[in-house]
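The listed protein sequences derive, respectively, from chains A and B.
Using this note's numbering, you'd call the opening residue of the first sequence number 1 and step up by one each time.
Using this note's numbering, you'd call the opening residue of the second sequence number 1001 and step up by one each time.
If you're looking for bench data, these hints aren't it; they were derived computationally from the structure.
Be a bit skeptical, because a hint or two may be false.
If the Cβ cut is set under 7 Å, some of the chain B residues that face chain A in the computed set are [as the list claims (entries may be wrong)]:
1) Gly1090
2) Val1209
3) Gly1212
4) Ile1215
5) Leu1229
6) Arg1310
7) Leu1312
Here the structure is a predicted model, which is why all the values come from computation and not from measurement.
Every residue, glycine too, gets a C-beta built ideally from N, C-alpha and C.
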Amino acid sequence: MAFSRIGPNDSRSAAELADYRAELHAWLDANHEKLAPRYPPPGTLDDQIAQMQRVKSILFEAGWMQFGWPERVGGRGGPPMLRTELGAAIAARDLTDPGLFSLIEVLAPTLIDFAPPDLAAAVVPRLLSGAELWCQGFSEPDSGSDLASLRCRAVPEGDAHTASTWVINGQKVWTSLAQYSDRCVLLTRTGPVDSRHRGITAFFVDMDSPGITVRPLQMMNEELEFAEVFFDNVVVPADRMLGELNGGWAVAMSILPYERSSCFWQRIAYLYRRLQALVDVAPDDDRAAEVVGNAFLQLHALRARSRATQHRLAKAGTLGAETSIDKLLVATAEQTTYDAVRRLLTGTVELDDSMAGEVWRSEYLYSRAATIYGGTAEVQRNIIARRLLGLASDE
Amino acid sequence: MIDADERTLMEETVRSAIADALAADEGADIDAVLARLDWRQMLDDAPGDAIDIVFNALGATNATATALDDVLQSALGQKPRADLAVLLPGFAAWDPPGRIDADDLRARSLATVRAATAGEMLVVGGTRWEPWSVTIPMTSAERSAVHGIDPKAGFQSVRVQGRAGGATRLDPAAWESAVALGRRAVAHQIAGASRAMLELACTHAKERVQFGRPIARFQAVRHRLADALVAVEALDATLDAAREEPKPETAALAKAVAGRTARTVATHCQQVLAGIGFTMEHPFHRFLKRTIALEGLFGSADEIVLDVGRRLLAERRVPTLIEL
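For reference, chain A alone in the conformation it holds in the complex:
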């Protein structure tokens, strides 16, 4: 396979990307039995995590997981769009939860860009192959939208520039999959209390370090996807620092380009699948036509926007404040899609205890958070007003 030579956006590359997509789907068709979940949907979170790691290991063994990742971390090179296509293909087939699978996109690039090269080369393949799971320790009880106010403290044992170890104390919250994770990309306060984004440092912490306690939180759909994580004198080697001392804000911001391009494209692929599932069983009348037509319209506009965003990323290598627009469009389209389910499948979300009903109910409830996680809709609007419309600061 020569797909690793596909360059950024041009017509020849578009054709090559289409070839890659076709070959990928043919392979997924041929290996469907091997990849399909071995439990009835939705399964427990334990089932889903095991399935995700199994899918990753099969894809890694076959060589698909490595496309789009640099060779220095065990990848096969080529543009990141190759991995976006892979994530979208497995989301469209419902082989694993796209939200959990696409966490790779916000974790691996951080290590590649900010970890010492040996560390990145050692651990990224373990994430890709499903040998490990990682989590992201960003939010804190008092630092949600205002992330730069975070207080989880890292203190050097000795001088900050020469210390061989750091000691961490504090608490994180909304840490997805913390109870399953082997490592954590953690943001800590290393500057003065009020140093905001100038005094934050990122570390790559082993989750089995003494002093870490994980307390899963039950979401309103009854699942335990995220957790509180407590750090009590946790010792971390200095060579686990990601990026510069007090350079953690850059690490935190570096996740946005892939979160808001590749991850969104995977989420969109899944939303098309779910709208298809709704269209399969929706009543055949004009009220239903209006409702599914409206959801389809929003998904199409979102898909068009996200496509343009991926091509801009491929060309420019990074993205900026304009991804706040993608974020709002994803949230709105997702909620519209699940609202359509509730409007057309009478009693399903509310009362249906069949397997299909359980999945719709869980996803409907989860979709309520789409305007909250990853930066609230209000924060996105503030960013758009200030950065894209050039309206003077509101502070």
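Using the hints, position chain B against chain A.
This is chain B only, laid out in the frame that chain A set:
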């Protein structure tokens, strides 16, 4: 297709040519400006880019022109000419407007202001599945200018009644393509107008001082304007997708997104502009009225959404339409 730099240059050239002509004379002949820019040649060479650039500029400047007649003629397989007008589908519809009743050709529909000067009119009739077309002399049509919500849009009400001789079968794909290109043209015009409304509202929000500060500092105002930008950007992306993946479906969705966008943008901007935006002293009303008038051409958002939804349910299939 043309490259990005050429595009930017053409956008600026077309927009400033129209804006300059309107600045010199509010009633300037914009069709003459487009003719000087060699619009019909652009349409022939690169229809996607030409429609995008010209109609966006018409929307942004609130100009009135009859380029839509050229787009439809070209889609219907004719070489566009200035003395031929095209009978548009009825307001809020996209069926061919003509009917043959016994031996009589009958039609009652809309046209652009070209119908006031052209010698002939192209009339498509029948159904979407079995269309025909005929060219008639304007003398066999009754025409009157529509005042309506936007008198400056130039809409003409046209009534045709005459002998049906000379009608020839039209490939249904040609009518489908005319509707698709018409939708894209109108959607681009709405996109240009929507962005113009947003610019007017942002300028006002920065200049208007209440409670000792520009109202742009209030979050309630900022969030409305942010939502308007989200809508405008989504429309632009949908239009780019329709240009890059030209199909009847991508054009229909772009037109529907345009209708929704115009409503969202107009609502937020009208509220931010408040009193002054309610007067004819401020230019906002022109864009508002133009987008309301254009929304009905080739089907409104609500009608297209219903049509698309019916098809999803009939086929029980949700197509992705565009890929990376």
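So, going through the hints one by one against the coordinates:
1. Hint on glycine 1090 of chain B is violated. Least Cβ distance to chain A is approximately 20 Å, over the 7 Å limit.
2. Proximity of valine 1209 of chain B to chain A is violated relative to the hint, the smallest CB-CB distance being about 12 Å (cut-off 7 Å).
3. Because the closest C-beta pair between glycine 1212 of chain B and chain A is about 14 Å apart, greater than 7 Å, the hint is violated.
4. Restraint check, isoleucine 1215 of chain B versus chain A: the minimum CB separation of about 10 Å is more than 7 Å; hint violated.
5. Taking 7 Å as the C-beta cut-off, the interface hint given for leucine 1229 of chain B holds, the closest approach to chain A being about 6 Å.
6. The interface hint given for arginine 1310 of chain B is met, as the beta carbon of that residue sits about 4 Å from the closest beta carbon of chain A, less than 7 Å.
7. Nearest Cβ of chain A to the Cβ of leucine 1312 of chain B: about 5 Å, under the 7 Å cut. The hint holds.
Violated hints, in rising order: 1, 2, 3, 4; the structure is consistent with all others.
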